[in-house]
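S.K.: Given next are the chains, with one letter for each unit.
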Amino acid sequence: MQVIKKLMKMLCCMGIMIAATACANKEVVKKDEPLGTTHTAASMPAIPFAEKTIKPPQQENKIDKPAAAPVESARQAPQAVKVAAATSDLEKIFFDLDSSNLSNDARQVLVKDAETMMQLNNLKVTIEGHCDERGSAEYNLALGERRARAAMQYLITLGVPAAKLSVVSYGKEKPAVVGNTESAWTKNRRDEFVVQR
Amino acid sequence: MKFMRITLKLIVGAVLLIAPNAVSAQDSFIEVTAPGNRQLKLAVDVPRSVDTVTPAIAKELGDVITFDINMSGTVAAASREPATGTVSPPLAQTEFVAWKNAGYDLLVRSEYSLKGNELTVEFRLFDLPNQKMMTARRFLGKKQDLRRFAHSFSDEIMLALTGEKGCFTTRITFVSTHNRNKEIAIMDWDGHNALPLTNNGSINLNPDFSRDGREIIFTSYKKGNPDLYRRSLFSTAEIPVSNRKGLNVTGTWSPDGTRIALALSKDGDSEIYTIARDGSNPVRLTVNPAIEIYPAWSPDGTRLAFVSDRLGKPQVFIMNADGSNTHRLTGSGSYNVNPRWSPKGDRIAYVRQQGGSFQIYTINVDGSNDTQLTTDGSNENPSWSPDGRFIAFSSKRSGVQGVYVMRADGTGQTRVGQGKGSASQPAWSPRY
Numbered sequence: 254m255q256v257i258k259k260l261m262k263m264l265c266c267m268g269i270m271i272a273a274t275a276c277a278n279k280e281v282v283k284k285d286e287p288l289g290t291t292h293t294a295a296s297m298p299a300i301p302f303a304e305k306t307i308k309p310p311q312q313e314n315k316i317d318k319p320a321a322a323p324v325e326s327a328r329q330a331p332q333a334v335k336v337a338a339a340t341s342d343l344e345k346i347f348f349d350l351d352s353s354n355l356s357n358d359a360r361q362v363l364v365k366d367a368e369t370m371m372q373l374n375n376l377k378v379t380i381e382g383h384c385d386e387r388g389s390a391e392y393n394l395a396l397g398e399r400r401a402r403a404a405m406q407y408l409i410t411l412g413v414p415a416a417k418l419s420v421v422s423y424g425k426e427k428p429a430v431v432g433n434t435e436s437a438w439t440k441n442r443r444d445e446f447v448v449q450r
Numbered sequence: 308m309k310f311m312r313i314t315l316k317l318i319v320g321a322v323l324l325i326a327p328n329a330v331s332a333q334d335s336f337i338e339v340t341a342p343g344n345r346q347l348k349l350a351v352d353v354p355r356s357v358d359t360v361t362p363a364i365a366k367e368l369g370d371v372i373t374f375d376i377n378m379s380g381t382v383a384a385a386s387r388e389p390a391t392g393t394v395s396p397p398l399a400q401t402e403f404v405a406w407k408n409a410g411y412d413l414l415v416r417s418e419y420s421l422k423g424n425e426l427t428v429e430f431r432l433f434d435l436p437n438q439k440m441m442t443a444r445r446f447l448g449k450k451q452d453l454r455r456f457a458h459s460f461s462d463e464i465m466l467a468l469t470g471e472k473g474c475f476t477t478r479i480t481f482v483s484t485h486n487r488n489k490e491i492a493i494m495d496w497d498g499h500n501a502l503p504l505t506n507n508g509s510i511n512l513n514p515d516f517s518r519d520g521r522e523i524i525f526t527s528y529k530k531g532n533p534d535l536y537r538r539s540l541f542s543t544a545e546i547p548v549s550n551r552k553g554l555n556v557t558g559t560w561s562p563d564g565t566r567i568a569l570a571l572s573k574d575g576d577s578e579i580y581t582i583a584r585d586g587s588n589p590v591r592l593t594v595n596p597a598i599e600i601y602p603a604w605s606p607d608g609t610r611l612a613f614v615s616d617r618l619g620k621p622q623v624f625i626m627n628a629d630g631s632n633t634h635r636l637t638g639s640g641s642y643n644v645n646p647r648w649s650p651k652g653d654r655i656a657y658v659r660q661q662g663g664s665f666q667i668y669t670i671n672v673d674g675s676n677d678t679q680l681t682t683d684g685s686n687e688n689p690s691w692s693p694d695g696r697f698i699a700f701s702s703k704r705s706g707v708q709g710v711y712v713m714r715a716d717g718t719g720q721t722r723v724g725q726g727k728g729s730a731s732q733p734a735w736s737p738r739y
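Going down the list, the protein sequences come from chains A and B.
Take 254 as the starting number for the first sequence in the numbering used here and just add one per residue.
Take 308 as the starting number for the second sequence in the numbering used here and just add one per residue.
Partial chain A-side listing against chain B, Cβ under 7 angstroms, derived: (1) S389; (2) E391; (3) Y392; (4) L394; (5) A395; (6) E398; (7) V421; (8) E426.
The set of hints was computed from the structure by calculation and includes no laboratory data.
It should be emphasised that the depicted structure is a prediction, and the values quoted were computed from it without experimental measurement.
All residues carry an ideal CB built from backbone N, CA and C; glycine is no exception.
Put together the whole structure using the sequences plus the hints.
M.R.: Dropping the structure here:
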């Protein structure tokens, strides 16, 4: 089992690297590269939000304590950037009607998400399962959880530590888009990945 | 606190009953359902003031009784000016012949007195052909108790006419979006006196009354996870009952009030459990990799209906209360949910998805006599009145989702409550 897991991890990593090099999108983060401050700074409206609650790593704390306030906030910034970037990078996945099966598209997204999550050091991720408005509200609570768990299982096989992940189902109670069109339903049958701050 | 006060008042009022000088209720039943007979007609005379005339009070007293009795479907009620065309005489001088000649079989008369905020109302029900009083009640309380007094006499009218007390003094709890969140609210069965219960700004779902009607349980996301809470109607404290990992949803009290059946997913997927009132001592009833959710007790507490998708799509199943002897309720329909067992135990109301909408059905417990009750709009979450005469449900037929009430045969579908926002997931209280 261990061997298979490791092999899978390696394959996934390779997949990521290939994907990363294949597509020239600068938002894709390479594995070996620590999340930098430069290229994410532009796409970073969430800093003030994240800043409040993110604890800097221990050693940084020690250094920061005697330092003056401006220095401190400057030191915190990279970590905040990392979380903000990660949160916006964690892509949603979508499901077919009344199904919790992971499509090929969803699996590809999860591979990318797993990679981001594994760089989130001590931060945890809640997987939110959601449904469209057509099923019964109560059945959808269970269906949403099934969707969240499907993603969680896959992320674990991709190497994300189980302890990092939790699930919550909102059924059809928190639609991403309000409306009774096919397009709204498609957008609402989803898992969202929320970094716990 | 307000409820407590009202309840106390009601008790005070009820103590001041008129001595039953009429024949005993048992002797005074009249046949209201004989086949071939026309429906009996009941007149509700304009309530009479013994001091200062207050037209608004008179109208409301009459309207409540007329609405209740018409909704019951037992007799046809109408609010009427005095049959003699003059001012109503005192109750003791009721003109039986004039009312009978106007085409009525039954007559409700009442007198009220309002002094400051103190309201006294006396009601009488007369059998016109036999020129006798069937029942009478006198209530003493505050002006705001007016509707409750009238509902209470409607209950007595039902007792006199059918041998079973009405349930017009009951309430319905429901999910309301009045403040844009999903909060639990409560209203009288006819939609009046709506009040918010929760105000936690989160998502609150599936309220259910305790057997004494003094508490509700519901699921709330207020701490992030869908956990089960309990709260009294008389205080604002929301007490956690089950906050196990995963779902703690669709909780419903057992008929004897000692257990709560609910769906928990703490062991990986949604399964039916029972727990004690305080949330301890969980007993797992289903073991299946499929989804199991929405338990519903039989009135004797020996069986549970629930929803499972073990055959692919969600379907209603029945099992013994120990989890044994599971079988499917109905072979019809590809998506059946929301079972609720009738108080008499013979029928189960449930919801079927068909053609892009939901419709309410009832079916015998053995699976026979499957009957569709709604066709208009999309209709969900049936809940029986404690006498089994009515079913409350939510409907989107008028656009915004609202709570409706119908007779158990599907007739008389009427919206109750017209508050701000949507109203859904109604649950009917027991009798108080």
